[in-house]
Structure formats: C-alpha cells, structure tokens
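A.B. asks: Residues per chain are reported as follows:
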Amino acid sequence: MFFFLKITLIQALRQRYVQVISLMLLLIFVLVSWNGTRVHKMRNAAYTEATLTMRNAWSTQGAVNPHNSAHYGHIIFQPVTAMQVLDNGVQPYAGGMLRLEAHKQNEPAFSAAQQRTELSRFGDFSLAWVLQVLMPLFIILLGFNIVSADFENDTIKLIAAQGPHPFQYLLGKALSILLIALILLYAGVTIQFVIYYAAGSGVPMEAAHLVSWLGTYTLYVIVISVLSVALSAALKNSTASLSMQLAGWILWMIIMPRVTANLGANMYPVEHRLAFNTILAEDRKKGIDGHNPADQRIKAFEDSLLTHYKVSKLDSLPVNADGLIMQADENYSNLVYDNHFTRIRNTLDNQNKVSRYGALLNPFLAARNLSMGIAQSDYKHYLQLVYDAEQYRRYLVQTLNEKMAYGGSKAGEWDWAPDSTWYASLPDFVYQKPTLKTTLYWYSTEWLSLCLWVCLATAWLLWIGRNLFRF
Amino acid sequence: MHISTIFFLEKKLLIRDKWILVALFLFTLTALWSLHNGQQVYHYHATAADSLQAANNANFANVKAQLDTLDFSHNGRAAVETPFTLDYRLKPMVSRELNPMMAFSIGQNDVLVLHKSARITQPVFSNDFDDFKNPEQLLAGSFDLSFYLLFLFPLLFLALSYNLQSAEKEKGIWINWQAAASKGLLAAHTWRITIRWVLSLAPFIIVSIVGLIWLSDQYNFMMVDWLKWQGYALLYCLLWLIIVWLIHQLRLNSMLNGITILGVWILLLIAIPGVVNTLSNSSYADSSQIDIANFRDIPEASWEAPFEVHKNYFAKRYNKPLKDTGLYSETIVKAYGYMMMTLEAEEVLHSNMTEALLNRKQMEKATFLINPAAAIFRGFTQVAQSGQAHQIAFEQKLYAYRLQRFYHMNDNLVNAYRFKPDDLLAMPEWNPNEE
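Residue numbers (my numbering), protein chains in the order written: chain A, 22 to 492; chain B, 541 to 975.
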C-alpha cells in the first residue's frame, strides 16, 4: 500500500497542472483569509461600537420613569465571534439588530443582505466556501484518472503481475490523493489562523471548536477523495470518470442546496406577517392591556389589589399599582408571544429539516451545515441568540416594572423616577454561546452522515477492488 | 453540405441516443419546477398585498364611520381628527409594485421588505410587515427560471455539444464528414452546434411559453416586459453559443472540450461574480445598523428641541397668522416641528443608505464587461422589478407619500381645524404602479 502511495504521490506532484492548481489554491487561501479577516475585524469593530453606544444610551438615560425606560428599551446586535472568521454561514441573511422593549417581542431586523444588491446572490468567497466548493473540484482533477489511466495505458496488468492485493493498490491511490488534499486543507486553515492573529484580531478561537471544524473538513475531504478514486476505478475510463464526477459536483454543490431549500419552503409555507400580526393582536386583546384605562381586566386587577391590601383607594396601597398592572400585561403577552412565535419557528425549522435530511444524500450539505454550526454562524445559533435576547427583555422589563411597583412611588405618579445611576447598575445583555456539545447535538444528522459517507465510500472502494485485477 | 442534410443527420444522431431525450425531459421538468417556485413567491406577495389592502379598507371604513358620527357644528375637536391619532387609527400599509415577471426572476425580493407601514411616525426602514425570513433558505437562493437559464442551460448545452466533431475524430469517422462537406466544414460545424444549441434551449422555450400563458392572466402584466426578459435571455444564450463555438475551434479532444467549457462556466458563474461580490462586500461594509439604532433617539430629541426651532419649521410651510390661538396652537406648532425634524433626519439616514447602495451598484456595473452573467441577472431583475433599484424607488416613494399624508392632515388641522369625512375621502392614495 505504501509503495503505491509513494509512487502515486510522486507522480501526482511531478505533474505540472497539479503544481499549478495547488499553488493557485494556496494563493486563494491567502486572499480569502486576508479578506475574511479584514471584513471580520470591521464587523467586530462595528459590533463593539454599536454595543457600547447602546449600553451608554441605556446607562445615561437620566432620571426617567422605569416604565418609560422599558418603552425606550435596549437594542442588541448580532454578535461577532472569532470562529465566524472561518465561515460566514447565514449571518448576512439574518437580522442584524433586535430592539428589546416593553409589551412587544420584535423580530431581528436589517440583515446585511438587505443592504446588498441582487448580485450578492452569486455568493461570497470565504475559507469555508473554498473548502466546501473548490477543494472537491481540486480533488476531482487529481483523482478522476488515478486508476482509469492505468487501465487506459494497460499498465494495470503490469501492476497486477507484481502481485499486490487490489486493496493495497486502491488504498495507496486513495491515500495519496487524500494526503495532498489534507496538506492543502491544513495549510489553508493555518494561513487563516496566522493572518487572523497577525492582524491583531484579539478574540482567540476556541481550540475545541477549531479541532471539530477541521475534523468536519477532514471527513469531507476523505469522502470526496475516496469517491473520486472509486469512480475512477469503477468506470475504468477517464472521460466517463471526469464527466460523472463533474456532474456529481454540480449536482451536490450547485443544484441540490437550492432544491432542498425551495422544496422545504414549498412543503412548509410560512404564514403572512399581516395574518400573524392580526392573530397576535386578537389574542393580546383577550388579556390585560396596561395602557388602556378602560380595560375591564385592569379594574378587576385593581380590585384584587385593594382587597389583598385591605385598602379602599389605589394611592393608599403600599405599592404602585401601575407597575403591577404593566407587569401583568407583560406576563400575559409573553404567553401569547411564546405561543405564536413557536409556531413560526417550528415552520422554519421544518423547512430546514429538508436540507438537514438532504445531508444524508449529499456530504456537501452535511459539511456546510456542520461547518457553520461549529463556526457559530448558523441559524440555530441565531435562534438561540433571539431566544436569549427575549429572556433578557423579559428580565429587564420585569425589573423595571417591579422598580415602579415597589420602588416607593404611588399609583398615577408617572413622573416618579429612581436615581439616574440605578439604570447603569442593571446588567447588560451578555451573549452566551451554546457549547460545542450542544452544537454537535444539533447537527448529529450531519456528522453521522459524514461518518456514514466515509464508511460507505471506503466500503465501495474495497468492493470495487475485489475484481479489479481480474482481466 | 446542405443545411437540410445536416439537420437530417443531427436528428438521426440525437434520436439514436435515448439519454438525450431523457435529459431533455428532465431539464424540462426542472425548468417547470423553477417556474412554479417563482409563481409561488409571486402569489405569496400578491396575496399579502391584497390582505394589506383589505385591512387598509377596513381601517378606513372604521375611521369614516367614526367621523360620520361627529357633530361638526361646535368647536370641540375629537381625538380622531388630530393627525397623529387619525394616522394611528387608519394604520395605513403599503406594498411595493409587484410585477408578475417576478415569477421568472425572484431576484432580491426574498430578502427585501416589500410590505411596509405608511404611518407618518414609522420610518421607511421599519419592518413590522416584513415576512418571516428563513436565513438558511436565503443563503441557498431561489430556484427560479433565471437560475435555470443562467446555471443549468449552459450545462445542458455542454452535455449536448462537448464532443461534437471531436467524438467523430476519436471514432475515426471524421473522414466521412470531410468527404461530405470538404468546402463547407466550418459552416457545417457551425450549423451542427446551432442545432444542438436550439435543442438545449427547447426546455426553456417550452417553459417560457407556459410562463407567458400564465402571465397573460395576471394583473399588471405587460407583454413588453416578457419580451425584454426574453431579449436578455437570448443575449445570454447567444453568448454561450459563441463560447462553445470558439472552444470547438481549438480542436481539442472531447475531454478537453468538456473541461474547457466547464471551466468557462465556473469562471463566468462562480469565480468572477464571487470575486466581484466579495470585493464589493468588503468595500461597502454594512454600517447602517448603528445609525438606524441611534435613530431611536431622534423623535424625542426633536420633541425636546427649543420651541423657536419648531416655530421656524411651522412658519416655513404656514406663513400666515394662526387661525386658532386657543389651547392647541402651541401643541400644533410643536407637533409639526417635531414631525418635520424627525422626517428630515430619516431622509438623511435613508439617503446615506441609498447612496452607499447606488455606489455599490455602480461599482458592480463597471465589471459587467468581464461579468456577463451578473449583467444579465441585473437585466432580469430590472425587468421583473425584483432588484434593489425598485426597492430604493419604493422607499423614496413611500417617504414622499407619508409626507403628503402628513401635509394633508396637518394643513387641514391648521387651516380648517376640523377634519370632516370629505377630508378623509380626499386623503392622498397610494398607487404602487404610479411613477
């Protein structure tokens, strides 16, 4: 096996086109890494500035009524993490900012893609994109005739006459391609790593994430390399092998991602926003409306407070009834929001399941989904951010309403305000990244699919090997 | 060699290969599905636009009913007559003009916000009526007819033509062609490529005609749009005919022919557009988010501005003594000044965002000579009105419409004091098709 590995490796590396394409790939790695780091640094700077500006606006809002402050709210932005330099994922298409305010659960808005032209739909180069799309093309060019050329030149009979086992021959061929592809893969990631740290990007990448990310691409490269050799051996004809492999590349990289995404959208249509808003408003009307003095539920709530505290007038209460009413409004609307937003999230999740299960048929989809998941730039990380932000909104609004209720003011005292420094003492929203374990759990279909593909491709290669030297 | 002979020979060659018929059938199905996807998106937005209009009509009828019950013979003004309350109760919503050609090219319409609030206090960049977007789906992109034509048609043409002539040389039967068409080999070869080009176009032509039949039933469809779209499509297909013809002149073997055509495909559809896009993304970083976030403070700052500033704004439009010197006069002046200051700040912010987009478009346009697929795609989206250009126009029109509505309500408040049902009927109307 090592004999064939050595021979094939030497033959491949001697070929001018392999040298040229390898150098081109390395140059592409340098360019995308440099550009990716530059854009990542700009995004990180913008994120830091925006976050500080919003926190400053919150802390310096002065002496205002807590419920007015809840209406003013807070704005959070899509966080930028170190791992995202490797893979942009869905970030350009996800809402970039989210306003957190009283009575209302907003959706993130203003995606980067909305500020781009239609030509942005042709795609954007990143390290992940090069590894997912260009690397397989490079492997195909290396491997399409790696076995078939021996059949076409009739050298296969000479090789067989020397007495090696076909498995040794095929595995040696596969390992030689794999070795070149892996060297380039690790070189690409090292280049990105060096450029990222040389640019003083600050935030370190998490080692476990980086290793998992590399592991994903290692599995991906193994699948493509073994399949390329297997096809070359199965077809025994270079033209047919190349045609088949290129057709597979187009099907997996270009056509299938769009087909699964559009199929998902057709199978699970999401409701119109106006319809959603209307149902939401209807359901909200069934609960207490804190800003509607004519609401009968407010009257009942006030009566219950008077009974509880055994007083006859609201301003005799030891608490500010307005703050409690506002919080009752929040508690009810939170239930309504949970109910309706869960429905929408489930629909979108079902849409994405089509491409998730498509990963079983397409290792590119598996690698793409897993790559952006580990790079923390996928839809699930984004959803987690939205969920965490919503929990923070509820905490913040509740804290403000309770300050109004128990801070020393009476019902109707809307001019009352706590000390202006009190707002600065409230904790800011901190993005807690999901752990790697959680991410790998989310993407279990994908990494299982990659492992399965490695096994199936290797088994197929060995199966082809059984009859390879029978002429 | 006579064209009819070439046609006859080609027909025999192609019919003999059953795989070609299977491929043509599969590509026709794919093209039909791509059209279906486009139609789904168009119907989704058309239905949303209709629902919005129905909600507008219902809100309008409600307000009209409220105004009809008022007694206008005394001076007391009801809350519903004041601009901000009136606007709040009308809750106007607008949709961007939808061209049914969008079914052919969804373009950027899946990303953009096509339905917006037209309330005077809701800035053009608000997203209360934005559809729920699925970022994973947006990342993958739309499988519409423009995708089929740009990406898949060249592959079908490649499959049907890569081994033309070279296969005959490889099989040793080229000598027959040389003997039959000794003086017109180039012409015969050109005819053969053209016949295969037309054959590759067959699924697209069929689906375009199916699309035309469907379009002719749609509101707002104009034949000239379909013709323009087909014009761009023809240009693109001709480009591929020329590319393949030129590659064949290199007299390569079948495998190299195939690799070269595929190499050009990757270059034109992936490499060049990708590089241009990556460059424009890094040159025009998305920096508007912080400005939009900061806009949150503008209304309050405008309200808190010195009264003199409000008065100046008021005086600019209403250069006459106020009819009403009663309780509301100061509030009226202040509310007007506040709204105009807020709208001005919004216009500045929106202009900056628009300018960045236009610069980006200009930069991309400068690359069109080496980026033909992108040029054709922009052409498609222009015809289908599914690009940023129409979104910019929509948002500018929406801004002007809100201003117009505000002037109508405020002029009435200042000059007539009461807002009667006839004033409601005279409210400016949104016409999405109006230039």
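Read the hints as simulated data drawn from the structure, not as lab findings. Every residue, glycine too, gets a C-beta built ideally from N, C-alpha and C. Any given hint might turn out to be false.
Unchecked claim - Okay, the calculated bits of chain B under chain A, using three or more residues with CB under 8 Å as the criterion:
hint: 1; stretch: 637-651
hint: 2; stretch: 677-684
Claimed, not checked - Straight-line alpha carbon distances no greater than 30 Å define the calculated DSS-like cross-link-like pairs of lysine-lysine that follow:
hint: 3; chain 1: A; residue 1: LYS454; chain 2: A; residue 2: LYS401
hint: 4; chain 1: A; residue 1: LYS331; chain 2: A; residue 2: LYS125
hint: 5; chain 1: B; residue 1: LYS631; chain 2: A; residue 2: LYS307
hint: 6; chain 1: B; residue 1: LYS709; chain 2: A; residue 2: LYS178
hint: 7; chain 1: B; residue 1: LYS604; chain 2: B; residue 2: LYS558
hint: 8; chain 1: A; residue 1: LYS62; chain 2: B; residue 2: LYS905
hint: 9; chain 1: A; residue 1: LYS125; chain 2: A; residue 2: LYS307
hint: 10; chain 1: B; residue 1: LYS874; chain 2: B; residue 2: LYS901
hint: 11; chain 1: A; residue 1: LYS257; chain 2: B; residue 2: LYS711
hint: 12; chain 1: B; residue 1: LYS604; chain 2: B; residue 2: LYS937
hint: 13; chain 1: B; residue 1: LYS901; chain 2: A; residue 2: LYS62
hint: 14; chain 1: A; residue 1: LYS257; chain 2: B; residue 2: LYS709
hint: 15; chain 1: B; residue 1: LYS937; chain 2: B; residue 2: LYS851
hint: 16; chain 1: A; residue 1: LYS125; chain 2: B; residue 2: LYS874
hint: 17; chain 1: A; residue 1: LYS125; chain 2: B; residue 2: LYS631
hint: 18; chain 1: A; residue 1: LYS431; chain 2: A; residue 2: LYS458
hint: 19; chain 1: A; residue 1: LYS257; chain 2: A; residue 2: LYS125
hint: 20; chain 1: B; residue 1: LYS709; chain 2: A; residue 2: LYS306
hint: 21; chain 1: A; residue 1: LYS307; chain 2: B; residue 2: LYS604
hint: 22; chain 1: B; residue 1: LYS558; chain 2: A; residue 2: LYS320
hint: 23; chain 1: B; residue 1: LYS937; chain 2: A; residue 2: LYS125
hint: 24; chain 1: A; residue 1: LYS125; chain 2: B; residue 2: LYS604
hint: 25; chain 1: A; residue 1: LYS431; chain 2: A; residue 2: LYS306
hint: 26; chain 1: A; residue 1: LYS178; chain 2: B; residue 2: LYS551
hint: 27; chain 1: B; residue 1: LYS856; chain 2: B; residue 2: LYS960
hint: 28; chain 1: B; residue 1: LYS874; chain 2: B; residue 2: LYS851
hint: 29; chain 1: B; residue 1: LYS604; chain 2: B; residue 2: LYS631
hint: 30; chain 1: B; residue 1: LYS768; chain 2: B; residue 2: LYS558
hint: 31; chain 1: B; residue 1: LYS604; chain 2: A; residue 2: LYS306
A.B. asks: Check whether the Cα positions of LYS631(B) and LYS307(A) lie no farther apart than 30 Å.
C.D. replies: 21 Å, holds
A.B. asks: If you draw a straight line from the CA of LYS937(B) to the CA of LYS125(A), is it 30 Å or shorter?
C.D. replies: Judged against 30 Å, a Cα distance of about 28 Å means the pair holds.
A.B. asks: Would the pair LYS901(B) and LYS62(A) pass a check requiring their Cα atoms to be no farther apart than 30 Å?
C.D. replies: Satisfied, since the Cα-Cα distance of roughly 24 Å is no more than 30 Å.
A.B. asks: Hint check: LYS709(B) vs LYS306(A), CA-CA at most 30 Å. Holds or violated?
C.D. replies: Between LYS709(B) and LYS306(A) the Cα gap is close to 79 Å, so the pair fails against 30 Å, i.e. violated.
A.B. asks: Do at least three Cβ atoms from the stretch 637-651 of chain B come closer than 8 Å to Cβ atoms of chain A?
C.D. replies: holds (count 3)
A.B. asks: Within the assertion that chain A covers the stretch 677-684 of chain B, do at least three residues meet a Cβ-to-Cβ distance smaller than 8 Å?
C.D. replies: holds (count 7)
A.B. asks: Sort out whether LYS125(A) lies within 30 Å of LYS257(A), counting only the CA atoms.
C.D. replies: 64 Å, violated
A.B. asks: LYS257(A) and LYS709(B): Cα distance at most 30 Å?
C.D. replies: Judged against 30 Å, a Cα distance of about 21 Å means the pair holds.
A.B. asks: Holds or violated: LYS307(A) and LYS604(B), Cα atoms, limit 30 Å.
C.D. replies: 26 Å, holds
A.B. asks: Mind checking the alpha carbons of LYS874(B) and LYS851(B) for me, to see if they're no more than 30 Å apart?
C.D. replies: 7 Å, holds
A.B. asks: Quickly compare the C-alpha distance for LYS125(A) and LYS604(B) to 30 Å and report which way the hint goes.
C.D. replies: Holds: LYS125(A) and LYS604(B) sit about 29 Å apart, inside 30 Å.
A.B. asks: Is the straight-line distance between the alpha-carbon of LYS62(A) and that of LYS905(B) 30 Å or less?
C.D. replies: Satisfied, since the Cα-Cα distance of roughly 27 Å is no more than 30 Å.
Hints 4, 7, 10, 18, 19, 20, 22, 26, 30 from the list above are not met by this structure, while the remaining hints are.
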